[in-house]
Amino acid sequence: MTELLKTPLFDEHVALNGKIVPFAGYEMPVQYANGALREYRFVREGGAGLFDISHMGQVRVSGPDALAFLQYVTTNDVSKLAAGQVHYSALLNESGTFIDDITTYKINDTAYYLCINAANRHKDVAHLQQQAAAFDVCVADESDATTLLALQGSAAQTALQPLVDSNLEPIGYYKFAQVHINGTPAIVSRTGYTGEDGFEIYIPNAIAVDVWKLLLTNGAQPIGLAARDMLRTEMGYALYGHEISDAVTPVEAKLMWITKLDKGNFIGRAAVAERKNAGPQKRLIALKLTGRGIPREHYPVFADGALSGEITSGMHSPIAGGVALAYVKPEHADSGALSVEIRGRQIPAERTTLPFVRSNVRR
Amino acid sequence: MTIPADLKYTKDHEWVRIEGDTATFGITDHAQEALGDIVFVELPEIGRTIDAGEAYAVVESVKAVSDVYAPVGGEITEVNNELESEPELVNTDSYGAGWIAKVRIGAGQVELLNDDEYTTFLEE
Numbered sequence: 001m002t003e004l005l006k007t008p009l010f011d012e013h014v015a016l017n018g019k020i021v022p023f024a025g026y027e028m029p030v031q032y033a034n035g036a037l038r039e040y041r042f043v044r045e046g047g048a049g050l051f052d053i054s055h056m057g058q059v060r061v062s063g064p065d066a067l068a069f070l071q072y073v074t075t076n077d078v079s080k081l082a083a084g085q086v087h088y089s090a091l092l093n094e095s096g097t098f099i100d101d102i103t104t105y106k107i108n109d110t111a112y113y114l115c116i117n118a119a120n121r122h123k124d125v126a127h128l129q130q131q132a133a134a135f136d137v138c139v140a141d142e143s144d145a146t147t148l149l150a151l152q153g154s155a156a157q158t159a160l161q162p163l164v165d166s167n168l169e170p171i172g173y174y175k176f177a178q179v180h181i182n183g184t185p186a187i188v189s190r191t192g193y194t195g196e197d198g199f200e201i202y203i204p205n206a207i208a209v210d211v212w213k214l215l216l217t218n219g220a221q222p223i224g225l226a227a228r229d230m231l232r233t234e235m236g237y238a239l240y241g242h243e244i245s246d247a248v249t250p251v252e253a254k255l256m257w258i259t260k261l262d263k264g265n266f267i268g269r270a271a272v273a274e275r276k277n278a279g280p281q282k283r284l285i286a287l288k289l290t291g292r293g294i295p296r297e298h299y300p301v302f303a304d305g306a307l308s309g310e311i312t313s314g315m316h317s318p319i320a321g322g323v324a325l326a327y328v329k330p331e332h333a334d335s336g337a338l339s340v341e342i343r344g345r346q347i348p349a350e351r352t353t354l355p356f357v358r359s360n361v362r363r
Numbered sequence: 001m002t003i004p005a006d007l008k009y010t011k012d013h014e015w016v017r018i019e020g021d022t023a024t025f026g027i028t029d030h031a032q033e034a035l036g037d038i039v040f041v042e043l044p045e046i047g048r049t050i051d052a053g054e055a056y057a058v059v060e061s062v063k064a065v066s067d068v069y070a071p072v073g074g075e076i077t078e079v080n081n082e083l084e085s086e087p088e089l090v091n092t093d094s095y096g097a098g099w100i101a102k103v104r105i106g107a108g109q110v111e112l113l114n115d116d117e118y119t120t121f122l123e124e
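Protein chains in written order, with our numbering: chain A, 1 to 363; chain B, 1 to 124.
Honestly, the hints are just simulated from the structure, not real lab data.
Hints may contain errors.
[To be verified] DMTMM-like mimics (lysine to aspartate or glutamate), calculated; alpha carbons at most 20 Å apart, straight line: (1) A/Lys19 x B/Glu111; (2) B/Lys63 x A/Asp334; (3) B/Lys8 x B/Glu111; (4) B/Lys63 x A/Glu94; (5) A/Lys19 x B/Asp21; (6) A/Lys254 x A/Glu331; (7) A/Lys19 x A/Asp229; (8) B/Lys102 x B/Glu123; (9) A/Lys254 x A/Glu297; (10) A/Lys329 x A/Asp304; (11) A/Lys288 x A/Glu350; (12) B/Lys63 x A/Glu341; (13) A/Lys282 x A/Asp229; (14) A/Lys282 x A/Asp304; (15) B/Lys8 x B/Glu33; (16) B/Lys63 x A/Glu310; (17) B/Lys63 x A/Asp246; (18) A/Lys288 x B/Glu123; (19) A/Lys260 x A/Glu94; (20) B/Lys11 x B/Glu123; (21) A/Lys6 x A/Glu94; (22) B/Lys11 x B/Asp67; (23) A/Lys282 x A/Glu310; (24) A/Lys282 x A/Asp246.
[Said to hold, decoys possible] Quick list of the computed label-pair ranges, beta carbon to beta carbon: (25) B/Glu84 x A/Glu274: 26 to 36 Å; (26) A/Glu331 x B/Asp6: 57 to 67 Å; (27) A/Thr184 x B/Asp6: 55 to 65 Å; (28) A/Leu4 x B/Thr120: 49 to 59 Å; (29) B/Asn81 x A/Pro348: 53 to 63 Å; (30) B/Thr119 x A/Gln85: 41 to 51 Å; (31) B/Ala34 x A/Gly344: 32 to 42 Å; (32) B/Glu78 x A/Arg343: 18 to 28 Å; (33) A/Arg38 x B/Thr2: 17 to 27 Å; (34) B/Val65 x A/Gln130: 35 to 45 Å; (35) A/Asn182 x B/Asp6: 32 to 42 Å.
[Said to hold, decoys possible] Computed from the model, here is a short list of chain B residues facing chain A with C-beta under 7 Å: (36) Glu33; (37) Gly36; (38) Val39; (39) Phe40; (40) Glu60.
Think of the CB as a built atom: it goes at the ideal place given N, C-alpha and C, for glycine as much as any other residue.
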């Protein structure tokens with residue numbers, strides 16, 4: 001077994017009584033002393049939750065062909081991005097299934113920045129570098145030098161502003177600014193994975209501990225992976241390895257909104273177009289238990305008494321109750337009485353809409 | 001970490017209070033702390049007969065699902081219905097308001113430890 005990696009903030013997590021677990025090849029805090037529920041509530045109820053997500057990867061794409069290259073390797077229409085704008089996107093393989101889901105930042109016409117999943121980093125970078133051979137671009141993996149923090153919740157801007165040399169207020173949702181923190185260049189985007197207002201902050205490792213401590217001094221509280229997963233699941237946000245994987249295309253994953261078939265050719269386009277015409281092999285639905293219990297990943301989902309699929313992410317939402325995302329057979333996506341099998345018993349469920357709880361992101 | 005002297009304990013971190021022919025079951029302070037925030041408890045049906053060591057209830061924390069095993073065998077006579085609306089009682093008062101079920105004691109018991117033995121077991 002490969003040795004687990006540590007982020008530059010590992011000692012801080014231990015000092016804060018973080019319960020450390022292996023995650024995506026890293027030793028990461030699943031919760032701190034307050035516990036996952038209090039952490040979750042702090043973010044949902046007006047705080048500024050601080051997440052170390054440095055395990056995620058960052059790739060800089062630069063050169064004269066940067067736009068053409070990203071149009072070819074990602075699904076979203078990069079030509080629509082303005083400098084200072086971010087969008088959600090994906091890397092597909094030729095079969096139209098997911099290599100990863102990513103965010104793309106446009107720095108300028110010849111420089112872009114990608115944020116990728118930790119577990120897929122080496123696969124993504126190898127794929128991007130291989131594809132880059134046909135373009136005049138440089139693909140640089142900056143992950144090991146970069147610390148990524150998420151600061152989420154309605155108090156996020158108040159906690160972050162004193163550290164930053166420019167006004168955060170004008171940064172809109174899915175926009176970013178290149179700023180200085182303690183005199184060091186940083187990227188700050190109004191993005192996140194919680195459904196609350198907040199920022200993701202890319203800084204060099206050298207200032208990671210200082211920034212972490214300053215944010216805590218400004219009222220932020222550390223939030224672990226368990227609360228992060230609760231917050232993202234309540235929003236119905238997809239997570240690689242759960243809703244998306246190399247076994248599904250954007251047609252199944254309800255991600256055609258980031259897959260622009262009319263933008264020109266890109267890797268996986270033909271396969272996705274074919275799947276779109278043929279219809280999805282399964283469909284992602286949102287469900288809510290009407291009986292007691294907690295729907296969890298891999299629990300079987302039944303429609304009209306027959307096995308139809310399984311849960312990909314499920315939880316007990318303190319606000320919405322037992323909620324889950326699940327893949328079911330296409331014919332059951334819109335009709336049929338649903339139930340979830342929990343420890344051998346059928347617990348009734350109903351379809352619902354996303355997000356499971358109200359989103360407070362800035363629009 | 002509290003370990004009351006008037007209870008018996010199992011190596012699976014359950015406690016049992018034996019009073020006459022009635023036994024009250026719960027999970028220990030150590031168990032609740034290891035599980036984290038408990039958000040759901042599946043209670044057994046009253047009248048069900050359980051063997052010593054049998055899984056009779058389920059506690060679910062934010063991230064984990066855990067079976068709870070019976071320290072002694074018997075018939076379930078009472079369950080703590082408060083846990084349906086307040087499962088967090090298992091966290092906040094694991095030896096009191098967080099009790100799970102009562103049984104009329106029947107045959108069999110798993111290895112039961114007193115408070116000192118359980119303390120030693122935890123230290124090992």
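Status of the hints after comparison with the structure:
With a C-alpha separation of about 30 Å, the suggested pairing of A/Lys19 with B/Glu111 is violated against the 20 Å cut-off. The straight-line distance between the Cα atoms of B/Lys63 and A/Asp334 is roughly 29 Å, outside the 20 Å bound, and the hint therefore fails. Of the supplied pair hints, the one linking B/Lys8 and B/Glu111 holds, its CA atoms being roughly 10 Å apart against a limit of 20 Å. About 35 Å separates the Cα atoms of B/Lys63 and A/Glu94, which puts this hinted pair outside 20 Å; it is violated.
Annotation: proposed proximity of A/Lys19 to B/Asp21 is violated, straight-line Cα distance about 41 Å (limit 20 Å). Of the supplied pair hints, the one linking A/Lys254 and A/Glu331 holds, its CA atoms being roughly 16 Å apart against a limit of 20 Å. For the proposed pair A/Lys19 and A/Asp229, the alpha carbon gap of about 15 Å is at most 20 Å, so the pair holds. Pair hint B/Lys102 plus B/Glu123 does not hold up; C-alpha atoms about 29 Å apart against a cutoff of 20 Å.
Between the alpha carbons of A/Lys254 and A/Glu297 the distance comes to roughly 19 Å, so the proposed pair stays at or under 20 Å and holds. Distance check on the hinted pair: A/Lys329 and A/Asp304 sit about 12 Å apart at the alpha-carbon level, within 20 Å; holds. Distance hint between A/Lys288 and A/Glu350 is fulfilled; the C-alpha atoms sit about 5 Å from each other, no more than 20 Å. Our distance criterion of 20 Å between C-alpha atoms is met by B/Lys63 and A/Glu341, whose separation comes to about 18 Å.
Using a Cα cut-off of 20 Å, the hinted pair A/Lys282 and A/Asp229 is violated, with the two alpha carbons roughly 24 Å apart. With a C-alpha separation of about 16 Å, the suggested pairing of A/Lys282 with A/Asp304 holds against the 20 Å cut-off. Restraint check: the Cα-Cα separation between B/Lys8 and B/Glu33 comes to about 19 Å, which is no more than 20 Å; the hinted pair holds. Distance check on the hinted pair: B/Lys63 and A/Glu310 sit about 18 Å apart at the alpha-carbon level, within 20 Å; holds.
Of the supplied pair hints, the one linking B/Lys63 and A/Asp246 is violated, its CA atoms being roughly 25 Å apart against a limit of 20 Å. Proposed proximity of A/Lys288 and B/Glu123 is contradicted: the alpha carbons are some 43 Å apart, above 20 Å. Of the supplied pair hints, the one linking A/Lys260 and A/Glu94 holds, its CA atoms being roughly 15 Å apart against a limit of 20 Å. About 12 Å separates the Cα atoms of B/Lys11 and B/Glu123, which keeps this hinted pair within 20 Å; it holds.
Of the supplied pair hints, the one linking A/Lys6 and A/Glu94 is violated, its CA atoms being roughly 34 Å apart against a limit of 20 Å. Between B/Lys11 and B/Asp67 the alpha-carbon distance is near 14 Å, which keeps this suggested pair within the 20 Å criterion. A C-alpha spacing of about 11 Å is found between A/Lys282 and A/Glu310, which places the hinted pair at or below 20 Å, so the restraint holds. As the CA atoms of A/Lys282 and A/Asp246 are separated by approximately 14 Å, the hinted pair is consistent with the 20 Å bound.
For the hinted restraint 26 to 36 Å between B/Glu84 and A/Glu274, the CB-CB distance of approximately 49 Å leaves it violated. Distance hint for A/Glu331 and B/Asp6: a CB-CB separation of about 59 Å, consistent with the stated range 57 to 67 Å. Under the hint 55 to 65 Å, the C-beta atoms of A/Thr184 and B/Asp6, about 59 Å apart, fit the expected range. For A/Leu4 paired with B/Thr120, a C-beta distance near 32 Å fails the hint of 49 to 59 Å.
Range check, B/Asn81 to A/Pro348: about 21 Å between beta-carbon atoms, so the 53 to 63 Å window is missed. Taking the beta carbon of each, B/Thr119 and A/Gln85 are about 60 Å apart, not inside 41 to 51 Å as hinted. For B/Ala34 paired with A/Gly344, a C-beta distance near 26 Å fails the hint of 32 to 42 Å. Between B/Glu78 and A/Arg343 the CB atoms are about 22 Å apart, so this pair conforms to the stated range of 18 to 28 Å.
Judged by the Cβ atoms, the range 17 to 27 Å given for A/Arg38 and B/Thr2 holds: they are separated by roughly 21 Å. The hinted window of 35 to 45 Å between B/Val65 and A/Gln130 holds, with their beta carbons roughly 42 Å apart. The hinted window of 32 to 42 Å between A/Asn182 and B/Asp6 is violated, with their beta carbons roughly 57 Å apart. Because the closest C-beta pair between B/Glu33 and chain A is about 10 Å apart, greater than 7 Å, the hint is violated.
Interface hint at B/Gly36: satisfied, since its Cβ lies 6 Å from the closest Cβ of chain A, which is below the 7 Å cut-off. Satisfaction of the interface hint for B/Val39 is found here, the shortest Cβ-Cβ separation to chain A being roughly 4 Å, below the 7 Å cut-off. The interface hint given for B/Phe40 is met, as the beta carbon of that residue sits about 5 Å from the closest beta carbon of chain A, less than 7 Å. Residue-level restraint check for B/Glu60 holds (minimum Cβ-Cβ distance to chain A is 5 Å; threshold 7 Å).
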